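Chains as they are written, first to last, in the working numbering: chain G, 1 to 240; chain B, 1 to 240.
Just to be clear, a hint being listed does not mean it is correct.
[To be verified] Here are the computed lysine-lysine pairs in the DSSO-like style, where the Cα-Cα straight-line distance is at most 27 Å:
#, chain 1, residue 1, chain 2, residue 2
1, B, Lys72, G, Lys122
2, B, Lys122, G, Lys72
3, G, Lys229, G, Lys122
4, B, Lys122, G, Lys122
Worth flagging that the hints you see were computed from the coordinates, not collected in a lab. In this text the structure is predicted, and so the values were computed from the model without any measurement.
2 protein chains.
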Amino acid sequence: MSQPPAVVDVRALTFDVFGTVVDWRSSIIREGRSLGAAKGLQADWEAFADDWRGLYQPQMEKVRTGKLGWTKLDDLHRMSLDILLERHGIRGLSEAEIDHFNRAWHRLDPWPDVVAGLVRLKRRYPLATLSNGNVSLMVHLARYAGLPWDAILGAEPTQHYKPQPGAYLGTADYLSLPPSQCMLVAAHPSDLEAASSVGYRTALVPRPDEHGPGSDPPPSGEGFDLVAKDFGDLADQLGC
Amino acid sequence: MSQPPAVVDVRALTFDVFGTVVDWRSSIIREGRSLGAAKGLQADWEAFADDWRGLYQPQMEKVRTGKLGWTKLDDLHRMSLDILLERHGIRGLSEAEIDHFNRAWHRLDPWPDVVAGLVRLKRRYPLATLSNGNVSLMVHLARYAGLPWDAILGAEPTQHYKPQPGAYLGTADYLSLPPSQCMLVAAHPSDLEAASSVGYRTALVPRPDEHGPGSDPPPSGEGFDLVAKDFGDLADQLGC
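This is chain G alone, in the form it adopts within the complex:
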């Protein structure tokens, strides 16, 4: 299949991960329920998952604005978790149990189309993460979910949390490519818009179930180089 003109120069694909590649919400709910069952805890794990993700941007914003020095996402997740355990009245967990729950973000299930799609895409393109997750989190997640990345890039190796331009530009620099030869694949228009503003090509893959089944109305595909319904469709459109 021939490629759209805008993407013929693309030499590497980079990926948002949380929401685009993996279904964080149902995975965190599953981990919460498992912990609750093991420890006899009552909690609204759906609300807990949403609250945990809700603190994601505010915690990173402390780093972006310099209120907090560089801090790995694992550690930001832990700061949020400590707040939420208190807020949800969850008590009696050991340090090892809290640490294990914090690493629930290392055990997120991929959307069903992801692994087969990445295997196809990898035949033609180097595949790199461009996530706000730290390197060891991404390594563990890739091993858990079977994600065949060629490189773990993004926030930690560039010391910039998306949507700061340095996260995208630094990732392109590690790939030794101009931004115009890099494509970001993401479910979130704001991420794609930030990438596009520094010269990336963009592929929108909506994930309407990210915040729960059917929760998210499909975003407009306006302004992106490609819109694909899943990673298999993306592989089709890229001729992989």
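Knowing the structure of chain G, use the given hints to seat chain B on it.
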């Protein structure tokens, strides 16, 4: 198979690449001969390969000492190549041909035991490069040679060329591990000694043919946590 006591806490394996994982010398000679045949050039490609590698440490030393700002190994290789094309009297190459030859370092063959050994080791351990090669070089090399890395770390993401301590310490930090839970696998005692001095565990895998068949007398295994004859033997010893 039970593990030696020194390695039971190891949580990730890191690898020197040039010489340890790939046979740079015979690959560069092959690439030189191929270029020579295509362009009708006469040259001593064995001497050329040795001279190119011979400029490796002096070029990195300019960066280590601050005479040169951070420079990717690809660019250091190119600086050396320009010197050596002149010195060996090789003329008439286009910029595209010189660039392609410079990327011979992206097309190095692995030693015969490497891929099968890494696949076994990866079942139990995250595998990361700890090479002076830049990220895009390592990505291309992994795709060429089928090396199943979990992460590309080492010099470029830490901005320190080995044997500077920052290369080893920064790699451990990306892995979110103390150095004592990281093992460096390398053919070169000096690399292992530098890693050991900052707390890494060490595995020596001698490559007696690195500088030509039978060129290198086997180094003493004294002072290293493991000594393995190849990556299969390493996997055996680590219980993989």
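Hints, verified against the model:
no. : hint                : in the structure
1   : B:Lys72 / G:Lys122  : 25 Å, holds
2   : B:Lys122 / G:Lys72  : 25 Å, holds
3   : G:Lys229 / G:Lys122 : 18 Å, holds
4   : B:Lys122 / G:Lys122 : 19 Å, holds
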